[in-house]
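*Asks:* Protein sequences appear in the order of chains B and A.
The opening residue of the first sequence carries number 970 in my numbering; numbering runs sequentially from there.
The opening residue of the second sequence carries number 198 in my numbering; numbering runs sequentially from there.
Just so you know, these hints were derived from the structure itself, not from any lab.
Glycine included, C-beta positions come from ideal geometry on N, C-alpha and C.
Honestly, I wouldn't trust all of these hints.
Partner residues are not named here, just some residues of chain A that face chain B (Cβ under 8 angstroms, in silico) [to be verified]:
| no. | residue |
| --- | --- |
| 1 | H243 |
| 2 | S245 |
| 3 | K248 |
| 4 | M426 |
| 5 | R429 |
| 6 | D431 |
| 7 | W444 |
| 8 | D445 |
| 9 | F541 |
| 10 | S542 |
| 11 | H549 |
Under the rule of at most 20 angstroms between Cα atoms (straight-line distance), these lysine to aspartate or glutamate pairs were calculated in the EDC-like manner [as the list claims (entries may be wrong)]:
| no. | chain 1 | residue 1 | chain 2 | residue 2 |
| --- | --- | --- | --- | --- |
| 12 | B | K1039 | B | D1019 |
| 13 | B | K988 | B | E1056 |
| 14 | B | K1039 | A | E506 |
| 15 | A | K248 | B | D1038 |
| 16 | A | K407 | B | D1019 |
| 17 | B | K1116 | A | E525 |
| 18 | A | K523 | B | E1003 |
| 19 | A | K430 | B | D1038 |
| 20 | A | K523 | B | E1041 |
| 21 | B | K1116 | A | D526 |
| 22 | B | K1111 | A | E208 |
| 23 | A | K283 | B | E1003 |
| 24 | A | K523 | B | D1038 |
| 25 | B | K1116 | A | E506 |
| 26 | A | K224 | B | D1106 |
| 27 | A | K548 | B | D1098 |
| 28 | B | K1116 | A | E247 |
| 29 | B | K988 | B | E998 |
| 30 | A | K224 | B | E1003 |
| 31 | A | K248 | B | E1041 |
| 32 | A | K523 | B | E998 |
| 33 | B | K1111 | A | E251 |
| 34 | A | K548 | B | E1041 |
| 35 | A | K283 | B | E1056 |
| 36 | A | K248 | B | E1107 |
| 37 | A | K548 | A | E208 |
| 38 | B | K1001 | B | E1020 |
| 39 | A | K383 | A | E472 |
These are the residues of each chain, in order.
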Amino acid sequence: MVESATPASFSHFAEEMTKRHHDLKSKAEDRKVEFLVPPENIRAVVASIDELIPDAFPESVFGVDLQNDKYELVYFFWSRTMQMLCELRVQLEGPAPSVETVSDIFPGLEWHERETCEMFGINFTGHPDLRLLLLPDELEGKYPLRKSFQTDRSRLNESGLTARAAAGQKDGGVSE
Amino acid sequence: MSRDVLNEAVEMWFGPQHVSAHGWAAKLTVVGDFIVECDPNAGYFHRSAEKCLEYRTFQQGSLIMERLCMLEAFLAEYPYVSAVEKIAGLEVPERTKITRTIMMEASRIHSLQFWWGQFGAELGLYTMCLWPWVDREYFLNAFEELTGSRHTVSYSTPGGARYDFTEKSVRALEQALDRLEENLPKFRDMLMGSPTFRLRTCGVGQFDAKRGLKLGLSGPNIKACGVPMDLRKDDPDPNLAYHLADWDVPVVESTEHPGESDAYDRMVQRFKEVETSVQIIRQLLPQVPEGPIIDPKARAKANRLPAGEAYGRVEGTRGITTLWLKTEDKAQTPYRAKVRGPCFSSYYALKHLVPSARFADFIVIFGSLDPYPGWWDR
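Extracted from the complex, chain B is given alone in its bound form (with noise of 0.2 angstroms):
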């Protein structure tokens, strides 16, 4: 059984966060408390997590491409003894994005992590683990959840049918 939660109630553990992170930006509504994160503090804030919450569930984290080089990250936690859902999220800029894995403090988030980078081109320093999860080699690279990642016909010599297409028929390639 894991012990029941310390004082930490839904609103204590908000101000203990903003205390041990000052530059931490909080907001919090029903159930739920989210902390925009500064990309370089990721592992204080979610090692505070790992300390403050007993049964801190890493739920998930996953990218989001902002476009024009922008992308952010949303980190999710959930601790049912606080009835609490806890969501972080960091911004990224620059062709390279880049930031620090937590997959040490909670082996859980290490797949999701492995996923972003090959989905995004998001890269997790310190990552035991960083290659291709769900994607063929072929796409090794290209990031396909990227929005400037083309879904078109332009993509049809990659897919090896070509030939089909040129015959005109429908099915022949990856269409919207």
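Use these hints to put chain A onto chain B, whose structure you have.
*Replies:* Okay, now just chain A, sitting in the frame of chain B:
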């Protein structure tokens, strides 16, 4: 100085052509018949569901979701529907709130019946595969009677449901429940009392709640450790009706290893899950009120959504299943949709749970976590 056993290590693939490895493969490093390293591989089923969702309208999205896990189709499509309803601010009629809950629980039962048959078969107990699957047919008949389809049900839609309960479909569901209630104790005693089954599962794949949570395990895998973590109680969706039934979160409190669960406990847990679902359905069936099943304006409202973000969450058969949705103003398709399949984590957890187990126990550990490839490959 003892010899370095790793010099004798052999790498071997479990799957993808192995009969138990239906769409997955793990690279095992073995010394003798002990596994020292496990590297689960994903991607055999990858259909880029998240990218596809960005090109489908809000009415179509749930159809992709249910195809990720057809065993629990009613549950799988719901996170998407829930997220769209939150952004669009749709009201759901009372009748649909209850019928949705009923069908989601029926779907859970169906999925668990499939699982225990499969798990039995993986251990060589084929009777467990063949007998309960007859009962499973009755649930499929009920789904077919309601929606016209046995697996891809496409039931929930933003703002309501696509199909209405009829006298005939309720009778089909009741028939399935009657049969299940009659046979469940028989099957449970047959399996749990089997010396072979006990020998194969007791003490195998054991972990405590804290470790399980860190690995991202949820649902029955965590409840079997005695932690009543269940979104149906903890974070109930406003458009479902779990509060109308009187039920408790089923947990297993092991006396032999308190706070930990092994493959046997997880089996006990899943039988309890079935009982709870039956209990919920039995209480909700008489409460279904008359009325419309969908808000007539819902279709138009879900056509173009305002800018927003929403997080749809549901307690799936295998754990916390979520969908995060981001929309732009007046767009007809999502800007980003992120699916969190519960098995993404439970499949990954093999990397940590399998090393030091015997080779023959590998499939027991895998099966006891109930992973479904559609959820991690998406």
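*Asks:* Which earlier hints turn out false for this structure, listed by number in ascending order?
*Replies:* 5, 7, 8, 12, 19, 22, 30, 34
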